[in-house]
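J.: Chain by chain, the residues run as shown.
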Amino acid sequence: MNPFAKLLSLTRSPEPVVETSPRVSQEIRKTTCYMCACRCGINVHMKEGRVAYIEGNRDHPVNQGVLCAKGSAGIMQVNAPSRLRKPLKRVGPRGSNQFEEVSWEEALDLAVEWLEPVRQKHPEKLAFFTGRDQSQSFTSMWAQSFGTPNYAAHGGFCSVNMAAGGIYTMGGAFWEFGQPDWDHAKLFMLFGVAEDHDSNPIKIGLGKLKKRGAKVISVNPVRTGYNAVADDWVGITPGTDGLFILAIVHELLRAGRIDLDYLARYTNAPAIVIHAPGTDQHGRLLKDEDGHLLVVDRKTGELMRYDAAEVEPSLTATHTVNGHECQTVFRQLADKYLDEQYAPDAVAEACGVSPLRIRQIAAELARVAFEESFELDRPWTDFRGRRHDKMIGRPVSFHAMRGISAHANGFQTCRSLHLLQILLGTVEVPGGMRFKPPYPKPVAAHPKPHCKVTPGKPLDGPHLGFVRGPDDLALREDGTPARIDKAFSWENPMSAHGLMHMVISNAYAGDPYKVDTLFMYMANMSWNSSMNPGGVSAMLTDQNDDGTYVIPHVIYADAYASEMVAYADLVLPDTTYLERHDCISLLDRPIGEATGAADAIRWPVIEPDRDVRGFQSVLCDLGARLQLPGFVREDGSQLYADYADYIVNHERRPGVGPLAGFRGNGDSHGRGAPNPDQIQRYIDNGSFFITHIPAEAEYYKPWNAAYQDWAVDIGLYDAPQHYVFELYSEPMRLFQMAAEGYGERQPPDYLRERLKRVMSPLPIWYDTDDSDDDRYPIRALTQRPMAMYHSWGSQNAWLRQIHGENPLFVSQKIWDEHGFKDGDWARVKSPHGEISVPVALQAALNPYTVWTWNAIGKRQGAWALEQDAPESKRGFLLNHLIHELLPPKGDGLRWSNSDPITGQAAWFDLRVSIQKIGEQTHSLPQMPVLPSAVPNAPRDLKWQVGE
Amino acid sequence: MSDLPLSTKRKLGLVIDLDTCVGCHACVVACKGWNTENYGAPLSDIGAYGQAPAGTFLNRVHSYEISPPDAPTQTVHFPKSCLHCENAPCVTVCPTGASYKRSEDGIVLVDESACIGCGLCAWACPYGARELDAAEGVMKKCTLCVDRIYNENLPEIDRVPACVRTCPAGARHFGDLGDPDSDVSKLVAERGGMDLMPELDAAPTNKYLPPRPRDAAETSAAPVLEPVAAEAGGLLGWIDRALAAMPGA
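In order, the protein sequences belong to chains P and L. Its first residue numbered 1, the first sequence is counted upward by one per residue in my numbering. Its first residue numbered 1, the second sequence is counted upward by one per residue in my numbering.
Because the hints were derived from the structure by calculation, they are not lab data. Virtual Cβ for every residue (Gly too), placed ideally from N, Cα, C. One thing to keep in mind: the hints can contain errors.
Said to hold, decoys possible - Covered stretches of chain P, as calculated for chain L (at least 3 residues, CB under 8 Å):
(1) 195-203
(2) 362-373
Claimed, not checked - Derived contacts from chain L toward chain P, CB cut-off under 8 Å, selection only:
(3) 7
(4) 8
(5) 20
(6) 48
(7) 103
(8) 154
(9) 224
(10) 227
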């Protein structure tokens, strides 16, 4: 009816009748979200075989029914015009985004043509790196079978410091490894947690805390998101969290407000540090012949094994070894942190936090931990065989993530935070922080890195792991790094997740060697996932004198027309998350809860309408074509028809496979024979599985006999793995000793002083800027917004309307000093480059800091966005200011911009200068416009799939 | 002109907790998804992948900074949708009667078959809570998910607005604000729930719970820790005494 006719027909009944019970959908298909890394359960409502609506699954342990903006916008991700449609073979120069569509047969033939000779002659010349991959236990197996040592996922440029700092200190960390005890915590302190991190679980948890009136303290230079609802905000200066934490430690020690009983029983605080200067024993921990830690028993004064049934470990005893008096770890620790250099007055200026504030926070932590302590009436037995009547609550919980870890001092900062948690006795106790199975898992239960290459054969073991000392480094016989990213080398010995941000740069430089084929999955390495994207793009396109590319072959798998697609010779189009099988496996990065072990699947709730294949299924095929062990039967035929076949039938150890639930006849959990109906059983169960920990095993897990037995029972490990927390890290001391000249494996001389300094076995803080360059006084940061993940969000018609561009947020102090007004732009410079960007005032910001949303800025022509979309016109990346190498030091060496312990990309060490400029039409730099790799997007959407 | 009901049997509405809202936009997109597929015309997106995408949203989150004189600046996230006012000016201004307030539950709706897209209601709404859909030419607004809250095809627990069901922090509450014994009315009473711009006399049904006081001033009398002993050696002695006093020692 036209409007005029409507106006004329005004004889209306008083109230229209509304259809209040419309049919919601014909079917609900339950699967797992992949709009970010949280892996929530979703109900996908279907109409006529199409996705009509997505909501959270109420039964799911991760999100308990709720769903964030990204999750609800999944419907716009599976219809995104940026979806790749068919394999692509490059026809123009690399970087030009010019392709021809080819068949899968032709694409895989080409891949084999490149990969087969590499495998037969020098497997290390394949660099296979996956980005936000949730199938690492599978992709790593493929790489291991291929035989290259050059495999990792994105952890090195994400938050490896958090993971490694936690695992080396206490056998677990935050997020996938552990979570606050939301139901009992009375004080929650969060450090450096960006808005989008651990999306729904943290929001659900904050909601619970708020409901109970628990207090939230946030430590973050930027007050947005979770930090916005905190009761107290500490707008700390970036990179100084470790110093701030150690000042709190100083205060707690000075006042004796620490959990002595916990330290004595469950940590290596009572261990004896050998004092033997000038020998290869100095600084090591005293052990018996079988390698068991020894402590002094408080009652008898005798040395005893730390896990002896009757031992009461002394924190303060001394013990004489070879005529030298040796002290406990605790004594060394107390001496170290009681030093005035850690006093609040000494650190306040650097941290941008007043001494009084630091003292008050320390007092608040101590008050809640000890005066609001409570007991759970839950008897349990510890690993020494002692029965405890109750579980003692210390209701202070911490959480931290990338803000403290993406600095070159991040590993030690993470260790400092764990030291604080442990001194308060608040890890694995009621009200504190709790591990999620398969964690706790000490370093001893993790593999070591492997790097032995044999042409035509698999690698000698898993690529990634946890080094126990210099003997485990991934070095070649001449002492140079075995891996293209130099992980597990003297430059960054404990690089448990590899260094994806160094792969292209090192491969281009031929340092330590050149590669033949770069094979990447789901990692936007020519754009927001790289430091220095302009430089990286040039490395990918640079040619030798003979016209060949310096990096000869690039294969890239992705579901979408990202910026990286342009730099591939061969593009393998992946499916969207609703069109595929996946497993969120206990062998990998599972979705456990503190109260149970859980895993999950994805399954094709819709079929692709394009000629695309799930990447993992493609690897099953490619593995068979290459005749990789583990991917073929004895007769050479393909072993796994597709990824779903692998998920169901692969066994990592007898009876233990990718999925723990519904094994054997469907009733076995954890261990059991492969069950052909397993995936259907998961689907019927909402696409997840959870098995709960017995009540008496829910806390004190590393030391709880009932937990250890349960973990063995369900196949997390094959024998109990009890251990004590390592406040003092002996592996770190071993690297220090190597730098002092002990041991056979010796670091190059230029790294000795650095290793001695940074590999302190007790946590330390150091300034990450050791240059005298004072031209760049301002700290610059990024974080993702809550409604966006990675670069994926911009192709999403709904999400890009929430965050379509990203100003540089400037503190009040900087705003005033530069006389900025609304609508102004700024030129921002770093030692590496400059950008021109729009600015906006944010008063709730550390005074010396600027920041922006990351991954909103897009290159023109990517992601099926129209030209001059705000993401590319005004949006920008801070990445252009960050180089993967530190500025040259004049020694001819390439110093990576990474944590010297783990190789974590030091994104947040960026310092800049800022200058006001008038309004601009485009942000700078602008890379050349890409021709789109996919057809043009529709102009308008009216998305209604049902009648 | 349309008349408002003299009274409504119930006053269904939302209570939004500004102390807990983290500004994640989950409510915005759940609303967009549900109402694109359900009540009336889909919520369109004009220029969806272009230079100035302009979609219809029934709920948006605004963020503000508040700078108290003696404490750090605060960030407040403020979700806003139709407040289902008792004196809804959008209803009385409607020339066709398309905008109306239900006498049963107080929900303000637009009968799209009668809407001529003149935009008077959006102009009259003091809260800017209505959006004209550019593709369909009809006025769109929050329906309080009238097609969910009574929907017999949904499990009972899900008969709440999409924004409430999805809110991860639990900052959104739905119920009858006309019933003083309802959970939402009690919450409003406990937490000092407020009307948005009460001086305009629109008498909104939705209520906002204000943020709790934040950032106790540094000069406050919050305690600091006293040293257990003057020197480090004193600490060790204290530890020995403390451990010796523990049960089981």
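J.: Hint validation: residue 103/L versus chain P, beta carbon distance must be below 8 Å. Holds or violated?
T.: holds, 7 Å
J.: A closest beta-carbon separation below 8 Å is what the hint needs, so does residue 8/L meet it against chain P?
T.: violated, 11 Å
J.: Next item in the hint list is residue 48/L. Is there a CB on chain P closer than 8 Å to its CB?
T.: holds, 4 Å
J.: Three residues or more, CB to CB closer than 8 Å: is that satisfied between the stretch 195-203 of chain P and chain L?
T.: holds (count 4)
J.: May I ask you to test the interface hint for residue 154/L with respect to chain P, counting a Cβ-Cβ separation under 8 Å as satisfied?
T.: Because about 6 Å separates residue 154/L from the closest Cβ in chain P, which is inside the 8 Å limit, the hint holds.
J.: Does the interface hint hold: is residue 227/L within less than 8 Å of chain P, judged Cβ to Cβ?
T.: This interface hint holds because 5 Å falls under the 8 Å limit.
J.: Closer than 8 Å between Cβ atoms is the bar; does residue 20/L clear it against chain P? Give me holds or violated.
T.: Result: holds, 5 Å to nearest chain P Cβ.
J.: Does residue 224/L meet its interface restraint, that is, does its C-beta lie within less than 8 Å of any C-beta in chain P?
T.: holds, 4 Å
J.: Take the stretch 362-373 of chain P, compare each residue's beta carbon with every beta carbon of chain L, and decide whether three or more fall closer than 8 Å.
T.: With 5 residues in contact (Cβ-Cβ under 8 Å with chain L), the coverage given for the stretch 362-373 of chain P holds.
J.: Can we keep the residue 7/L interface hint, with Cβ of chain P closer than 8 Å?
T.: Check failed: Cβ of residue 7/L comes no nearer than 14 Å to chain P, outside 8 Å.
Hint violations for this structure: numbers 3, 4, all remaining hints satisfied.
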